Amino acid sequence: MNKAPIFILFFSLIGLGLFAQKVEQTIETDSIVSGDNLDEIKTVQRERTPFQLRVGVDLSKPIRGLNNDDFSGIEFVGDLQFSEKIFIAMELGNESKTTQSEQINFSTEGNYIKVGLDFTISRSIEGLNNQMFLGFRLALSRHSQEVNRYVPWNLNRFWPEQEITQSNAIKKYESLSANWIEIIGGVKTEILTNLFMGFSLRLNHLLSDKMPENFDNLYIPSFNKKTDDNKFGAGFNYTLTYALPIYINKRVKTHQNLDRQPIQPTDN
Amino acid sequence: MKCKNTWLLFLVLGVISCEEDDICIPTSPTTPRLILKTFNHADLSNSTSPPNFMVKPIGIEMDLPINNRDSILLPLRSDQSFTDFEFIMNHEQGDENIDTLRLNYRIEDKYLNRSCGFISTFILNNPPHEIINSGQNWIMEIKTLKDSIIDEQSAHLHLIF
Chain P
1 MNKAPIFILF
11 FSLIGLGLFA
21 QKVEQTIETD
31 SIVSGDNLDE
41 IKTVQRERTP
51 FQLRVGVDLS
61 KPIRGLNNDD
71 FSGIEFVGDL
81 QFSEKIFIAM
91 ELGNESKTTQ
101 SEQINFSTEG
111 NYIKVGLDFT
121 ISRSIEGLNN
131 QMFLGFRLAL
141 SRHSQEVNRY
151 VPWNLNRFWP
161 EQEITQSNAI
171 KKYESLSANW
181 IEIIGGVKTE
191 ILTNLFMGFS
201 LRLNHLLSDK
211 MPENFDNLYI
221 PSFNKKTDDN
231 KFGAGFNYTL
241 TYALPIYINK
251 RVKTHQNLDR
261 QPIQPTDN
Chain S
269 MKCKNTWLLF
279 LVLGVISCEE
289 DDICIPTSPT
299 TPRLILKTFN
309 HADLSNSTSP
319 PNFMVKPIGI
329 EMDLPINNRD
339 SILLPLRSDQ
349 SFTDFEFIMN
359 HEQGDENIDT
369 LRLNYRIEDK
379 YLNRSCGFIS
389 TFILNNPPHE
399 IINSGQNWIM
409 EIKTLKDSII
419 DEQSAHLHLI
429 F
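Residue numbers (my numbering), protein chains in the order written: chain P, 1 to 268; chain S, 269 to 429.
There's no promise every hint is true.
[Claimed, not checked] Taking lysine-lysine and the DSS-like style, the derived pairs with C-alpha atoms no more than 25 Å apart in a straight line are:
(1) S:K305 to S:K414
(2) S:K414 to S:K378
(3) S:K378 to P:K172
(4) P:K210 to P:K172
(5) S:K324 to S:K305
(6) S:K378 to P:K171
(7) P:K172 to P:K225
(8) P:K231 to S:K414
(9) S:K411 to P:K210
(10) P:K171 to P:K210
(11) S:K324 to S:K411
(12) P:K225 to P:K210
(13) P:K231 to P:K210
(14) P:K225 to S:K378
(15) P:K85 to P:K225
[Claimed, not checked] Covered stretches of chain P (chain S as the covering partner; in silico rule of three or more C-beta atoms under 8 Å from a C-beta of chain S):
(16) 97-104
(17) 145-156
(18) 164-175
(19) 210-221
[To be verified] Negatives, chain S to chain P, calculated, CB over 10 Å:
(20) S296
(21) L341
(22) N381
(23) N401
Hints are computed from structural coordinates only; laboratory data are not their basis.
Quick caveat, the model's predicted, so the values are computed rather than measured.
Just so you know, even glycine gets a beta-carbon here, dropped at the ideal spot from N, CA and C.
Whole structure, please, built from the sequences with the hints as guidance.
Here it is, written out as structure tokens:
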């Protein structure tokens, strides 16, 4: 199995995480500086505002599972605000699906992880915490395919169609994988304090997959249907997330000269 | 302006996700039939049909199409590892001679693609046949030319009478 994508994924994840810690947002209030007049009062405040980390679940999967005996899945989502318009996002999930594809009935089961960035493209409106965004993900899945039964293709059919339930092809193929990129567009709206509801549409492009011998990855968890002609797929999710503010290094520095003595200028 | 671009993106995403229906084209490989050529023992270099030759598969009320050529196409069952046939000489001539043979084989199903799915291929046992009902034994010998039945390119069995 090609392990390079996994390493790239994890190193970029760690790298982004480390880098994100160093970014700070500063609020500077009131700097009146005059070069010669040292009687001025100079106040500098430095605050590090909290990062916004949102975690939650994809609601579309459990809903789909309720209506459909052949499907079950869960997905956890999260995003971390990196700067005013950039979010680091991640999805983690598991899916189990049985599909009837033409004459073959098969079951897919596996996990997936997706990491990427979201870019806010809407102008923020005062008082409302809404967001329209575009983003991308790098995704990886580990899954199995199991052929349950099928009718063999016969152009010159003579004997009545018989569904085969035992043969060399009726088996479970484990340790399969796939990786792909997603381009997404979506919205996130704050519906209650710190509670967000989001919806996104996704266009998937398959990069590579490890196929079973004598079968194919006809369905890949979270990539959805893999077609023969092209390597594109589509999907969506519908999320409910809660924002956990994370406070990092909150520090307030105030310099105030009350007795009108000369002040050393501080670094800006 | 920015909002308009977003809706356009969603529309494009929706359209791109549509896909064509897959069709298994008739020229794709398919489950092959066994090709049997018949030879008179007096002339083993040219294949000839026995007089009023007919083959009836057992298990279905349908006759195999027989043309006047020297080879017949026998469809094998994918759901079990043998198929029984009645080989009939002098069919409807009064002195009908029927040899009933069972052809034994191993099945290997091969995946083609999404639209066609699996096809069956067969590997004949050695010997490929057993006599179920010998009748008057008009068949002298069954020779295996190719024990792997994966296509209909050339004969797999020779029947000598």
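Checked hints:
1. Pair hint K305 (chain S) plus K414 (chain S) holds up; C-alpha atoms about 12 Å apart against a cutoff of 25 Å.
2. Under the criterion of a C-alpha separation no larger than 25 Å, the hint pairing K414 (chain S) with K378 (chain S) is consistent with the structure, at around 19 Å.
3. For the hint pairing K378 (chain S) with K172 (chain P), the CA-to-CA distance comes to about 15 Å; that is within 25 Å, so the pair holds.
4. The suggested pairing of K210 (chain P) with K172 (chain P) holds, with an alpha-carbon distance near 14 Å, which does not exceed 25 Å.
5. For a cut-off of 25 Å, the pair hint linking K324 (chain S) to K305 (chain S) stands: about 16 Å separates their Cα positions.
6. Between K378 (chain S) and K171 (chain P) the CA atoms are separated by roughly 13 Å; this keeps the pair inside 25 Å, and the hint holds.
7. Of the pairs offered as hints, the one joining K172 (chain P) and K225 (chain P) holds, with about 19 Å between alpha carbons and a cut-off of 25 Å not exceeded.
8. A C-alpha spacing of about 39 Å is found between K231 (chain P) and K414 (chain S), which places the hinted pair above 25 Å, so the restraint is violated.
9. In summary, the hint linking K411 (chain S) to K210 (chain P) is not supported, as the alpha carbons are separated by about 43 Å, beyond the 25 Å threshold.
10. Between K171 (chain P) and K210 (chain P) the CA atoms are separated by roughly 17 Å; this keeps the pair inside 25 Å, and the hint holds.
11. With a CA separation close to 20 Å, the supplied pair K324 (chain S) and K411 (chain S) stays within the 25 Å bound.
12. Of the pairs offered as hints, the one joining K225 (chain P) and K210 (chain P) holds, with about 15 Å between alpha carbons and a cut-off of 25 Å not exceeded.
13. Pair hint K231 (chain P) plus K210 (chain P) holds up; C-alpha atoms about 14 Å apart against a cutoff of 25 Å.
14. Proposed proximity of K225 (chain P) and K378 (chain S) is supported: the alpha carbons are some 21 Å apart, at most 25 Å.
15. A hinted pair counts as satisfied when its Cα atoms are at most 25 Å apart, and K85 (chain P) with K225 (chain P) does not qualify at roughly 32 Å.
16. For a cut-off of 8 Å, the count of residues in the region 97-104 of chain P with a CB near a CB of chain S stands at 4, and the three-residue condition holds.
17. Only residues whose beta carbon comes within less than 8 Å of a beta carbon in chain S count, and the region 145-156 of chain P has 7; three or more means the coverage holds.
18. By the rule of at least three residues with a Cβ nearer than 8 Å to a Cβ of chain S, the coverage given for the region 164-175 of chain P holds, with 4 such residues.
19. Restraint check on the region 210-221 of chain P versus chain S: 4 residues with Cβ-Cβ distances below 8 Å, three needed, restraint holds.
20. Under the 10 Å C-beta cut-off, the non-interface status given to S296 (chain S) relative to chain P is violated; the minimum distance is some 8 Å.
21. Not every C-beta of chain P lies more than 10 Å from that of L341 (chain S), the closest at about 8 Å, which undercuts listing it as non-interface.
22. For N381 (chain S), the condition that its CB be more than 10 Å from all CB atoms of chain P is violated, with the nearest at approximately 5 Å.
23. With 10 Å as the threshold on Cβ separation, the claim that N401 (chain S) sits away from chain P holds: the shortest Cβ distance comes to roughly 21 Å.
Comparing the model with each numbered hint stated earlier shows that hints 8, 9, 15, 20, 21, 22 do not hold.
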